[in-house]
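**Student:** Chain residues, written in single-letter form:
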Amino acid sequence: MTGKSQDETKELQSQTAGEPSGNQLDAAGKSLSEALRISFIALKVIMFALVLFFLASGLRKVESGEVALVLRFGEIHGEADKRILKPGPHWVLPYPIEEIVRIPVERTVNLAVDSFWYAETEAERLAAAAGKKFRIKQSLNPVKDGYCITRSARGSEIASAGSDYNIIHCKWQLTYKIRDPEPFFRNIFVREIKPGESHTDVIDESINPLLKDLVEDSVVTAIVNYTIDQVKFEEVAKVTIHIRRLLQDKLDEIGSGIEVVSMQLTRSTWPRQVDQAFQASVAAGQASQQLKREASTEAQKILSVTGGPVAEELLAALKDETVSEADKEQLWSQLAGDAREIIGQAKAYRQRVVANAEANAQYLHTLLPEYRKRPELVLKEIYLSAMEEIFANADEKFVIQRSEDAKATEIRVLINRDPSLKSKSGKSGNSETEEKK
Amino acid sequence: MKNIAITIFVVLIFVGMGIKLVAFQVRETELALVKRFGNPIREITEPGLYFKWPAPIDMKEKFDSRVMITEIELNETTTKGALPIIIQAYVLWRIAEPLKFHNSVQGVSNAQDSLRSLTRDVGNNVLGKHNFSEFVNSDPNKIKLQDIQNEMLASLSKAVDDSDYGIKIETLGIKQLKIDQDVTKAVFERMKAERNSATTAIMDEGKALAARIKTDAKSKRAELLAAAEARAKAIRAQGDASAAQYYKLMSEDSEFAMFLRDIEAIKKILGNRTTYVVPTDIEPFDLLRGIRALQPAGANER
Numbered sequence: 001m002t003g004k005s006q007d008e009t010k011e012l013q014s015q016t017a018g019e020p021s022g023n024q025l026d027a028a029g030k031s032l033s034e035a036l037r038i039s040f041i042a043l044k045v046i047m048f049a050l051v052l053f054f055l056a057s058g059l060r061k062v063e064s065g066e067v068a069l070v071l072r073f074g075e076i077h078g079e080a081d082k083r084i085l086k087p088g089p090h091w092v093l094p095y096p097i098e099e100i101v102r103i104p105v106e107r108t109v110n111l112a113v114d115s116f117w118y119a120e121t122e123a124e125r126l127a128a129a130a131g132k133k134f135r136i137k138q139s140l141n142p143v144k145d146g147y148c149i150t151r152s153a154r155g156s157e158i159a160s161a162g163s164d165y166n167i168i169h170c171k172w173q174l175t176y177k178i179r180d181p182e183p184f185f186r187n188i189f190v191r192e193i194k195p196g197e198s199h200t201d202v203i204d205e206s207i208n209p210l211l212k213d214l215v216e217d218s219v220v221t222a223i224v225n226y227t228i229d230q231v232k233f234e235e236v237a238k239v240t241i242h243i244r245r246l247l248q249d250k251l252d253e254i255g256s257g258i259e260v261v262s263m264q265l266t267r268s269t270w271p272r273q274v275d276q277a278f279q280a281s282v283a284a285g286q287a288s289q290q291l292k293r294e295a296s297t298e299a300q301k302i303l304s305v306t307g308g309p310v311a312e313e314l315l316a317a318l319k320d321e322t323v324s325e326a327d328k329e330q331l332w333s334q335l336a337g338d339a340r341e342i343i344g345q346a347k348a349y350r351q352r353v354v355a356n357a358e359a360n361a362q363y364l365h366t367l368l369p370e371y372r373k374r375p376e377l378v379l380k381e382i383y384l385s386a387m388e389e390i391f392a393n394a395d396e397k398f399v400i401q402r403s404e405d406a407k408a409t410e411i412r413v414l415i416n417r418d419p420s421l422k423s424k425s426g427k428s429g430n431s432e433t434e435e436k437k
Numbered sequence: 438m439k440n441i442a443i444t445i446f447v448v449l450i451f452v453g454m455g456i457k458l459v460a461f462q463v464r465e466t467e468l469a470l471v472k473r474f475g476n477p478i479r480e481i482t483e484p485g486l487y488f489k490w491p492a493p494i495d496m497k498e499k500f501d502s503r504v505m506i507t508e509i510e511l512n513e514t515t516t517k518g519a520l521p522i523i524i525q526a527y528v529l530w531r532i533a534e535p536l537k538f539h540n541s542v543q544g545v546s547n548a549q550d551s552l553r554s555l556t557r558d559v560g561n562n563v564l565g566k567h568n569f570s571e572f573v574n575s576d577p578n579k580i581k582l583q584d585i586q587n588e589m590l591a592s593l594s595k596a597v598d599d600s601d602y603g604i605k606i607e608t609l610g611i612k613q614l615k616i617d618q619d620v621t622k623a624v625f626e627r628m629k630a631e632r633n634s635a636t637t638a639i640m641d642e643g644k645a646l647a648a649r650i651k652t653d654a655k656s657k658r659a660e661l662l663a664a665a666e667a668r669a670k671a672i673r674a675q676g677d678a679s680a681a682q683y684y685k686l687m688s689e690d691s692e693f694a695m696f697l698r699d700i701e702a703i704k705k706i707l708g709n710r711t712t713y714v715v716p717t718d719i720e721p722f723d724l725l726r727g728i729r730a731l732q733p734a735g736a737n738e739r
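Order-wise, the sequence lines are chains V and Z. For the first sequence, our numbering gives the first residue as 1, with consecutive numbering after it. For the second sequence, our numbering gives the first residue as 438, with consecutive numbering after it.
A portion of the hints provided could be inaccurate.
As the list claims (entries may be wrong) - Take a look, some chain V residues computed to stay more than 10 Å from chain Z by CB distance: (1) THR121; (2) PHE134; (3) HIS199; (4) PHE233.
Stated by the list, open to error - Covered stretches of chain Z, as calculated for chain V (at least 3 residues, CB under 8 Å): (5) 472–478; (6) 608–619; (7) 659–670.
As the list claims (entries may be wrong) - If we take Cβ atoms under 7 Å as the criterion, some of the chain Z residues that face chain V in the derived model are: (8) LYS622; (9) MET640; (10) ALA645; (11) ALA647.
Hints were generated in silico from the structure; no laboratory data involved. Since the model is a prediction, treat every value here as computed from it, not as a measurement. The beta carbon of each residue, even a glycine, is placed where N, CA and C say it ideally should be.
Make a model of the complete structure from these sequences and hints.
**Tutor:** Pasting the structure below:
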């Protein structure tokens, strides 16, 4: 623009130079008037440039991830959704009439809060990193060491009223963003930005002390309601939600326009002074879990040996009256293990007994006509063939003559027990020594 | 024409400079006070454009209306039961009435000092009214920490209002709750004792649970076997019942049938590896005593 104005100036100058010289003005007057004219033209150009510059100074850009508020004479200007300028170029009336305040709304910021951690000397830190043992002081200094107070577990007989609390160290991380630019601008102190400073850095620097206080307050207030185990292991999520709620309430109460995106417990530990007792307790917890696991495995094995994979299902079905008979039969058929064997034996018995009865009946039926014709012969035949069979398998046979006088005869036969037979009780000396071998 | 434009422009510049002398802006984040020869004459609490006589007749003083933080240093006090407690509190506040603020505390750092001492007093006073067991307790229903903070806030707000500081207390909170250094030793001893008893309890519970799991399994085994046994019995009964239909066939000559059955039985009972002692008067061993008196069947009819 300035270039263009200079061109115009030159043009005007050349026009002036080309004017005919036939007027009454003397040389001095002429040159004065010339000079005046030129300076007026120059002034006009400067004025024009100034006006343009003034108007152009109202051009503002809102970066992405930001919004802006327009202040007219210091007051937030605009109606409804026009109050907030979206990212992009905007034109506002130049300073001092209007100005804009840019606020980063999409940026999430992390803030670590470590004020509940114990103070560690450099020597201690090195020793801990190297895994060396070192002596730690047996108490916590309220000025140097940070910690939170948690309540004792209920029903703990050791704690009495007024002393039933524990100590825990914890570190937190808050992630937040600015949700509502207007209340944020109105209520939250952000110091003036000096030249060369980043706009977002200044905002962070200004609001972090406030957020840190509020986080600490929320943590202290929430955590007294929980036991050390709840904070450390069991209910981390619940504790965190509680803290987050308290924090958001406080932020809303002061009209900060800040939203808690997340609250995280980054580290927590019991005091180093009681580490041993806690480690033992953790180990006991693991051992106890191990016992439970082993017992479960064994239980599973017992059930599997007894009835296979469907054992439990079948038991449940047997107790449940709503399960249909067909389903129960289905389960019975899938049964395995000892139970299946019992049933299998019964089934074999059923088959055998029926088959036997049938065979016997058949046998009788075949013999009956012959028997009716010659009973004595048939009987004798059957009897003797049975005797043959029995005695053929005998180990030893003693045939003795029975005398008329029963008292006179007495024979003694020493019969050895079959050594291959299993002893009935463990009382026999022999079998015991054998077992020992 | 040109001259008129220039004149307007020059006039505008002068008007602008004049306005600059008599007008001023109060932003959304500010409050202001207009003082005439040093005496406050006007209090401004709304943002916008305002006018005053040019300096040095009228002077303006601005105050930040945004939330400010005052942190109170760690403070050891005693609870109702004379137990020591250490707290660190913070106060969020803002200037609400610039005139009162200007007349009473005058500057922000003065205000901070006043607030610190007020909060300390309020803290000692309120904490002294509560037992330590209301700060932390194994029974969560008895914990009154939130209420205690609210009580401190109410007390402080009242004190600030009474002092006419022109300040509004936004909130007050406890950001550190601690105990005396010597007390921490006792706490550690107690924590160890608690933990040790918990360790025993955990082990006992584990063992008991493991035992119960096993017993459960064993009783389930017994139950299942009993059920299988019952079913087996029913199956055997079915077998016996099915077999019974053949007995009817045998009843044609039941004595003969029983004889056959006996033979069958004795064959089975006297299996292998048996030693027999038999008298000679049992057939066929009678043969050992001598030949039987036999006659050909056809020779002599009985």
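**Student:** What are the numbers of the hints the structure violates, in ascending order?
**Tutor:** When the structure is compared with the hints, numbers 5 and 10 turn out to be violated.
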